[in-house]
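Number of protein chains: 6
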Amino acid sequence: MTQSNSIIDPRYRGPATFMKAPASRDLAGARAAVLGIPFDCGTHAFRIGSRDGPHAIREQSRLMRPYNPELADYDTISHLGLVDCGDVDVVPGRIEDAFRKIEAATHEIVRAGVRPITMGGDGSVSLPQMRAVAKCHPDLVAVHIDSHTDTNPFVEAEKYNAGTQFTHAALERLVDPKSSFHIGIRGTTYRQHGFSYVRSLGYNIITINALFERGMRDVLAQLHETIGDRPVYLCLDMDSFDPSCAPGVCAPSWGGFTAREGINLFRGLAGLNIVAVDVNTVSPPHDHMGMAAFLAANMMYEATVLLCRYLGLDTVEDVVP
Amino acid sequence: MTQSNSIIDPRYRGPATFMKAPASRDLAGARAAVLGIPFDCGTHAFRIGSRDGPHAIREQSRLMRPYNPELADYDTISHLGLVDCGDVDVVPGRIEDAFRKIEAATHEIVRAGVRPITMGGDGSVSLPQMRAVAKCHPDLVAVHIDSHTDTNPFVEAEKYNAGTQFTHAALERLVDPKSSFHIGIRGTTYRQHGFSYVRSLGYNIITINALFERGMRDVLAQLHETIGDRPVYLCLDMDSFDPSCAPGVCAPSWGGFTAREGINLFRGLAGLNIVAVDVNTVSPPHDHMGMAAFLAANMMYEATVLLCRYLGLDTVEDVVP
Amino acid sequence: MTQSNSIIDPRYRGPATFMKAPASRDLAGARAAVLGIPFDCGTHAFRIGSRDGPHAIREQSRLMRPYNPELADYDTISHLGLVDCGDVDVVPGRIEDAFRKIEAATHEIVRAGVRPITMGGDGSVSLPQMRAVAKCHPDLVAVHIDSHTDTNPFVEAEKYNAGTQFTHAALERLVDPKSSFHIGIRGTTYRQHGFSYVRSLGYNIITINALFERGMRDVLAQLHETIGDRPVYLCLDMDSFDPSCAPGVCAPSWGGFTAREGINLFRGLAGLNIVAVDVNTVSPPHDHMGMAAFLAANMMYEATVLLCRYLGLDTVEDVVP
Amino acid sequence: MTQSNSIIDPRYRGPATFMKAPASRDLAGARAAVLGIPFDCGTHAFRIGSRDGPHAIREQSRLMRPYNPELADYDTISHLGLVDCGDVDVVPGRIEDAFRKIEAATHEIVRAGVRPITMGGDGSVSLPQMRAVAKCHPDLVAVHIDSHTDTNPFVEAEKYNAGTQFTHAALERLVDPKSSFHIGIRGTTYRQHGFSYVRSLGYNIITINALFERGMRDVLAQLHETIGDRPVYLCLDMDSFDPSCAPGVCAPSWGGFTAREGINLFRGLAGLNIVAVDVNTVSPPHDHMGMAAFLAANMMYEATVLLCRYLGLDTVEDVVP
Amino acid sequence: MTQSNSIIDPRYRGPATFMKAPASRDLAGARAAVLGIPFDCGTHAFRIGSRDGPHAIREQSRLMRPYNPELADYDTISHLGLVDCGDVDVVPGRIEDAFRKIEAATHEIVRAGVRPITMGGDGSVSLPQMRAVAKCHPDLVAVHIDSHTDTNPFVEAEKYNAGTQFTHAALERLVDPKSSFHIGIRGTTYRQHGFSYVRSLGYNIITINALFERGMRDVLAQLHETIGDRPVYLCLDMDSFDPSCAPGVCAPSWGGFTAREGINLFRGLAGLNIVAVDVNTVSPPHDHMGMAAFLAANMMYEATVLLCRYLGLDTVEDVVP
Amino acid sequence: MTQSNSIIDPRYRGPATFMKAPASRDLAGARAAVLGIPFDCGTHAFRIGSRDGPHAIREQSRLMRPYNPELADYDTISHLGLVDCGDVDVVPGRIEDAFRKIEAATHEIVRAGVRPITMGGDGSVSLPQMRAVAKCHPDLVAVHIDSHTDTNPFVEAEKYNAGTQFTHAALERLVDPKSSFHIGIRGTTYRQHGFSYVRSLGYNIITINALFERGMRDVLAQLHETIGDRPVYLCLDMDSFDPSCAPGVCAPSWGGFTAREGINLFRGLAGLNIVAVDVNTVSPPHDHMGMAAFLAANMMYEATVLLCRYLGLDTVEDVVP
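Protein chains in written order, with our numbering: chain A, 1 to 321; chain B, 1 to 321; chain C, 1 to 321; chain D, 1 to 321; chain E, 1 to 321; chain F, 1 to 321.
The hints are simulated quantities; they were obtained by calculation from the structure and are not laboratory data.
Even for Gly, the Cβ is constructed at its ideal location relative to N, Cα and C.
Possibly wrong hints are sitting among the right ones.
[Said to hold, decoys possible] With a Cα cut of at most 27 Å, we get these calculated DSS-like pairs of lysine-lysine: (1) D:Lys101 / B:Lys101; (2) B:Lys159 / D:Lys135; (3) E:Lys135 / A:Lys159; (4) B:Lys159 / B:Lys101; (5) E:Lys178 / E:Lys135; (6) C:Lys159 / F:Lys178; (7) E:Lys101 / A:Lys159.
[To be verified] Have a look at the derived ranges for each label pair, beta carbon to beta carbon: (8) C:Ser196 / F:Gly202: 34 to 44 Å; (9) C:Gln222 / F:Asp26: 35 to 45 Å; (10) D:Ala221 / F:Arg199: 51 to 61 Å; (11) A:Ser24 / F:Ala104: 21 to 31 Å; (12) E:Leu171 / A:Thr226: 37 to 47 Å.
When you get a sec, could you build the whole thing from the sequences and use the hints?
Right, dumping it as structure tokens:
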């Protein structure tokens with residue numbers, strides 16, 4: 001029985017890796033690995049700053065503790081052998097160079113049979129990750145939880161930004177749009193006829209209104225039925241949450257998920273073969289009290305539970321303390 | 001097909017009119033007009049500061065973009081020919097003088113056949129607006145969404161403040177109380193027997209508890225049935241929202257609407273003949289991260305959708321980008 | 001008919017006792033008494049600072065007003081003869097000495113037949129209070145609303161902290177665990193097999209997920225049936241609320257109660273013989289805009305309503321103003 | 001030897017009167033009395049909110065402790081028999097009524113031979129105080145430390161606001177302008193030829209630039225020589241401090257006093273017969289971390305030292321602890 | 001005599017142009033023009049966000065009023081015929097395209113004989129401005145007040161960023177380095193031998209330590225003697241101020257100018273032929289209470305005084321109000 | 001020539017050790033080592049929270065860069081072979097146990113001939129450090145920069161707290177009080193006759209007023225003359241800085257050092273044989289924008305320069321980049 005507690009190991013002490021996982025790039029023995037992607041130069045519209053997202057999420061993850069008695073009464077970090085690989089060595093400005101580095105760093109993890117859990121950075125960083133994951137998982141589908149589809153048409157001169165990553169994912173055939181879902185879509189956009197374009201690429205759109213009208217159970221059933229055991233790229237843009245929960249995002253939009261709704265949506269994904277988790281768009285300069293970063297850390301923890309379940313690592317020893 | 005986007009027109013650039021509508025007092029061609037009313041001297045109880053509300057709402061409205069693919073896939077600002085008329089030239093302290101100026105500025109808009117969308121200022125500013133609107137719409141009813149009825153008895157020396165505007169509206173017969181509604185009422189007040197007095201004037205009260213017990217659908221049906229096509233003065237006090245969504249208000253009260261609930265309540269008003277929209281009580285010095293102001297801007301956008309729908313301006317061109 | 005209003009008595013004026021109740025240690029004539037317990041040295045895990053909780057709650061309680069027309073159209077403060085007894089004279093560091101003082105101060109109130117409404121301080125302060133209350137109410141049961149059970153096993157050297165108070169309450173037989181409830185439990189902990197230990201002591205656990213799956217009505221029915229008219233120690237840890245409502249707590253956890261849910265849970269306790277109310281864990285240095293403190297003040301007001309109802313003090317005079 | 005310390009008396013505990021002085025209106029035995037004046041309706045220009053100033057200053061004064069070993073190694077509060085009289089019962093809006101109440105409350109203190117130390121409220125509240133003080137001290141002079149002279153011409157309809165109090169003081173002959181000083185003046189104003197008008201009333205102006213060019217020693221010598229032992233109304237507008245020290249004021253202006261400069265200026269006034277101290281213009285909603293309020297509390301403490309010195313109460317007992 | 005005041009024209013009302021100057025691109029009659037440059041993609045090191053700088057400075061400039069009785073008892077805005085030209089239509093990401101637009105917009109002003117007062121944007125935006133100014137003023141010198149020289153060596157692939165603008169200015173011969181000054185330099189950098197490189201290009205460096213050791217008077221004498229009446233590009237990076245005054249900058253560094261020191265330094269430049277003023281590096285997401293933006297607005301006001309003086313527009317009418 | 005820059009190594013990327021020094025406990029080759037001491041249970045008076053100080057200082061140290069062209073144009077971190085040893089494994093509450101661990105961790109560094117640079121934690125943590133340092137340096141003197149002497153008399157039951165560490169240092173003969181200095185003392189305290197007690201133990205007190213009256217040069221000369229080459233324990237309590245620079249401390253006091261004054265005081269210590277550096281009292285929950293933590297990081301950097309100078313490691317290579 002693994003034990004840790006506030007007396008032995010106060011959370012404010014020592015280096016702030018994700019949930020105090022070992023800082024290491026050694027993937028041997030790991031089933032999952034955390035990777036930070038401090039890149040925000042795909043943010044055109046308004047609030048830039050997610051380059052400091054990985055740092056802030058690690059800091060807030062200190063508030064997370066290893067056991068969840070109801071959900072997962074075991075230490076997901078140690079069951080997964082999770083390591084915190086640090087940050088991709090991107091620099092500002094050169095988006096194509098950054099994309100190559102992100103793709104390489106992600107690919108190194110995926111090809112080792114390890115499932116990456118990444119923290120952005122803005123939404124643009126999802127594209128090189130999908131490129132890397134698709135190399136190893138040709139039948140990939142995306143479950144993209146966001147208030148925006150990030151599937152805009154583009155002009156060549158500005159082809160890469162935080163609004164076009166799923167356009168490229170479809171055009172480059174990284175994911176199968178017909179089995180992929182944009183979930184939680186709401187709010188205003190820069191473009192007319194946005195949904196027509198998204199659907200013309202083959203994607204499914206489930207707006208947040210549709211989700212609550214149909215009921216989460218119904219939507220989840222559709223997902224499971226459509227996707228089956230195909231490998232899933234799970235992408236969570238933190239602006240899918242309501243600004244009352246996640247103020248520090250790039251393009252906030254009212255009417256989003258409460259924390260509990262978002263947590264329940266994630267839990268409903270249990271059973272999917274999630275091969276990569278991508279949590280992005282925490283913008284610390286626009287956050288307050290680290291709320292968006294703390295919620296992102298919480299969702300990454302929920303992802304570790306999903307991985308443990310799928311991988312059969314959710315064993316709870318019988319010893320009573 | 002009108003197009004704008006983050007590349008061509010980043011939201012942080014240029015003057016902060018409401019949603020970047022033209023700054024103009026020229027009402028020709030306009031179906032709706034935004035007007036700021038920076039007056040807060042009706043705030044007696046506690047938190048004064050809504051004089052800076054119009055500025056803060058304009059600033060936050062920069063986060064709103066023109067299209068909403070699910071709700072309104074057209075540019076409501078341009079379809080309405082909406083202009084931002086700037087602020088009424090009120091000064092602090094002289095409430096009766098301020099009321100005359102507010103009434104005159106509102107009347108100028110209404111008598112031109114244009115629907116005003118105003119941003120306060122505290123709740124006291126609704127009275128002169130109702131005086132102006134009632135001149136042109138004798139059969140006016142009020143839909144007042146608030147945590148307080150603002151229908152207190154008054155003493156002559158203090159007849160005008162942010163708690164008596166709907167008392168005067170009834171006594172001056174500006175609205176028909178029997179068809180008018182106070183919706184979302186909750187929380188503590190300074191006075192006993194408050195509801196008796198409100199009902200003695202003829203008003204309908206739907207507390208937030210009653211609303212959720214009956215269900216929003218049922219309440220909305222009652223509103224539509226009672227009001228029909230009579231002209232509606234739609235008044236939204238931002239303290240109807242929960243402090244977790246709208247901290248920066250004058251008299252916050254826990255247990256209010258979430259953003260999604262408030263948005264859905266507004267959407268349920270579609271079909272009403274809303275002739276004036278009044279969003280008040282954003283107090284920027286008590287806000288944080290501009291949350292209340294941003295939510296107010298969002299609700300004003302929702303109001304533009306309601307106006308487009310009623311006026312048949314909700315046409316979406318067929319061209320796919 | 002008691003009257004007060006914003007003209008006569010603005011809330012920002014004068015000393016900030018709880019809801020402007022008289023500052024007094026004279027319990028004669030009082031049915032309830034507020035007591036501050038500024039002690040936070042049981043906070044081991046992370047965010048210390050609740051020593052300033054009582055001050056912050058009193059400050060925010062200035063936003064509360066005496067009447068609630070729907071819920072309680074009478075002045076609960078004056079109907080209860082509520083007095084604000086100030087703070088227990090605890091000092092930092094010496095937890096056993098502090099516990100003796102807290103027990104003595106609480107006992108002084110309870111043995112006078114007065115119901116204490118206390119504001120912590122961290123959760124550790126509940127133990128000496130339960131010791132005091134149990135002396136006068138041998139058949140005591142606890143209703144503990146929290147995201148954590150605070151029923152951890154302990155080592156002798158660290159027996160008292162903010163995670164073991166309900167362990168001791170069971171072991172010292174201060175409350176009857178079989179009729180006592182931990183409600184709203186969720187989130188991560190330091191220990192494996194936490195629930196097994198809690199249940200081995202006899203306690204009932206109702207996680208927040210179980211509560212919403214079963215429905216609040218069903219859970220409340222179980223409580224009322226189990227508890228009947230036995231004396232109840234009502235303990236509210238403010239971290240039971242979601243961080244979007246109550247950011248300033250010691251160990252925040254996403255997915256908690258909204259303000260409205262928490263209020264409704266409290267209202268559902270009407271009819272219980274609540275002999276002591278304990279609201280703890282507001283940590284002002286980690287709060288923003290006083291949100292957690294304001295919500296705590298609101299819940300304490302809701303508690304005064306519960307006490308008035310049980311004691312038959314909920315009389316509303318018939319005079320219309 | 002009076003003693004208090006952090007073990008016996010932590011500052012965060014108990015009611016927040018000014019520096020924990022007794023809350024009392026009993027002036028018998030007192031040589032000085034603190035009075036709050038929560039009125040801000042003279043604030044026309046921009047940032048309203050100083051109505052909450054007295055509350056915030058009391059809260060921050062908890063950080064002040066009784067002894068200053070270098071400056072005043074005795075408890076000034078107890079040596080002065082200082083009492084905290086609470087707040088004047090002003091209400092918003094009715095400035096002339098408020099002025100009557102402020103004058104009466106101040107007069108009650110002054111005519112008892114007690115020296116008031118008041119905390120505003122905006123600058124307008126100085127006028128009724130000077131009216132009260134001048135009744136008992138006909139030869140009064142003003143030492144006014146501010147970034148503005150608050151000596152503007154006025155129109156009859158707006159005669160009273162936070163920019164005209166020293167105009168009226170001169171015209172009503174409450175103070176002798178020729179021996180009175182505006183010190184620390186700087187920054188921008190609404191009016192041209194402001195200094196001409198001020199000087200035409202007889203006042204001396206010492207701009208902050210003049211003060212630092214001449215040197216503080218030289219300026220203080222002029223003050224002492226001009227004023228001698230005449231009774232002094234000492235008025236400190238907190239906006240005389242730089243915004244880096246006192247952000248929470250109504251009309252901030254860069255280039256003001258640092259805390260140390262302001263403290264030294266006050267200390268240089270030792271020997272003046274200060275009969276009233278008026279610290280105003282703390283606006284809590286525009287403050288952060290309570291900085292302006294904390295600095296105001298500190299300056300009020302410095303004033304108690306000045307009073308002790310002038311009154312010969314600065315005796316330090318010889319007992320070594 | 002121009003007059004405005006708080007009664008007639010409260011500062012919080014109406015559109016927030018710089019100090020309420022007319023929003024116009026019509027340069028006829030103007031001697032100076034304000035231009036916003038919302039571009040921050042030259043910020044590589046850490047804190048990005050100055051794209052929102054122009055908006056924040058305009059907002060805070062509402063706190064500035066037209067007259068300064070000691071310094072400039074006339075309305076500098078109207079004496080200069082100053083117009084606020086809005087923002088250059090830059091978009092994120094494409095730095096060379098942005099530079100072309102900035103150069104064009106600046107050149108349009110300069111070639112009309114108007115002196116631009118610009119607000120960034122990060123420091124990279126100075127280069128295209130110097131290109132534009134140098135076209136019309138071939139004998140240009142730079143007075144650059146900053147904590148960094150922004151004169152780093154560069155690699156071709158990253159030639160343009162917020163640390164190389166004065167390198168290019170020297171290499172492109174836009175300014176004469178031998179008569180140009182970097183003033184206020186302090187703190188840590190990424191590179192060794194930084195000063196050698198700067199001096200190898202010909203520039204003068206006056207560190208903040210050197211400035212205070214020599215005395216400001218001595219340094220200013222050197223400047224005036226060296227520069228004479230040659231046209232001056234006055235560039236103020238707001239990080240030259242101490243973080244206690246200007247927290248919201250890209251690369252803060254302790255030990256900088258206080259507000260008063262910075263103001264006095266500017267005033268000491270009176271008499272120089274300043275042909276362009278460039279105030280940059282306000283990063284609103286990292287600011288609090290708008291302090292850096294408010295101080296930037298204040299410095300821009302000081303610049304208007306410098307321009308009025310040089311141009312002989314500093315006439316004060318004789319009429320006493 | 002060592003080089004790093006924003007392109008190659010942006011500061012926001014990767015683990016936040018102190019100034020990106022290697023995270024290591026391997027002291028071989030190191031001349032100095034950073035150690036965090038996250039303990040705050042000696043904080044009795046008011047604002048607790050410095051347990052999170054080391055984390056916050058590391059985070060803010062990301063803003064520091066390796067070279068200072070004027071002061072130290074070489075990489076002090078690499079010249080010292082500085083390692084960041086992480087945090088002492090203290091837990092809250094058990095002060096004597098914590099003291100043993102702090103002493104052991106410090107001793108391990110000192111006995112290896114390495115100079116510790118520690119970051120608290122509250123001031124109480126200085127005592128065990130002085131115990132460790134004194135073991136290896138029997139002739140130790142203290143230079144203690146603080147607004148309080150922390151040399152209070154104590155009662156046995158509370159002998160260890162953040163106000164008695166220098167009392168014990170004298171009584172345990174860890175330092176030689178006659179050659180030790182408390183510098184920068186100011187403000188209010190809990191006790192009368194504080195200075196008498198401090199002097200009775202032999203310490204020198206230089207108040208901040210005395211320092212500025214005598215001049216820093218004169219005070220520094222006294223220090224150098226008195227101390228000579230004896231080993232120095234350099235202790236900096238961050239509350240020696242003014243709250244405008246360092247708001248986030250436990251017991252703030254107005255009138256303190258500006259950043260530049262504090263930096264210059266440190267630089268004046270060059271030549272002293274500083275064998276240990278102790279920077280304490282950063283309380284992140286009471287900080288804003290990380291100001292106190294950032295300034296603490298800056299002072300630690302200044303300490304690395306002092307160490308390099310004394311150790312002859314201040315060599316600058318001649319290569320021009």
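Subject >> Range hint 34 to 44 Å (beta carbons of Ser196 (chain C) and Gly202 (chain F)) holds or violated >> reply: violated (59 Å)
Original post:
Straight-line Cα separation of Lys159 (chain B) and Lys135 (chain D) no greater than 27 Å?
Top reply: violated (35 Å)
Original post:
Holds or violated: 51 to 61 Å for the Cβ distance of Ala221 (chain D) and Arg199 (chain F)?
Top reply: violated (33 Å)
Original post:
Taking 27 Å as the top limit, are the C-alpha atoms of Lys178 (chain E) and Lys135 (chain E) close enough?
Top reply: holds (19 Å)
**OP:** Given the hint that Lys101 (chain D) pairs with Lys101 (chain B), test it: the Cα-Cα distance must not exceed 27 Å.
**Re:** Distance ~31 Å between Lys101 (chain D) and Lys101 (chain B) Cα, so the pair is violated.
**OP:** Would you check the hint for Lys159 (chain C) and Lys178 (chain F), treating anything up to 27 Å between C-alpha atoms as holding?
**Re:** Roughly 44 Å separates the two Cα atoms, so the pair is violated.
Original post:
Does the Cβ-Cβ separation between Gln222 (chain C) and Asp26 (chain F) fall within 35 to 45 Å?
Top reply: violated (59 Å)
Subject >> Agreement of Lys101 (chain E) and Lys159 (chain A) with the hint, judged by alpha carbon distance not exceeding 27 Å >> reply: holds (21 Å)
Subject >> 37 to 47 Å as the expected CB spacing between Thr226 (chain A) and Leu171 (chain E), which holds or is violated >> reply: Given about 59 Å between the Cβ atoms, the range is violated.
Original post:
Measuring from beta carbon to beta carbon, are Ser24 (chain A) and Ala104 (chain F) in 21 to 31 Å?
Top reply: holds (27 Å)
Subject >> Satisfaction of hint between Lys159 (chain A) and Lys135 (chain E), Cα-Cα up to 27 Å >> reply: violated (35 Å)
**OP:** Measure nothing beyond the straight line between the CA atoms of Lys159 (chain B) and Lys101 (chain B); if it is 27 Å or shorter, mark the hint as holding.
**Re:** holds (18 Å)
In this structure, the hints that do not hold are numbers 1, 2, 3, 6, 8, 9, 10 and 12, in rising order.
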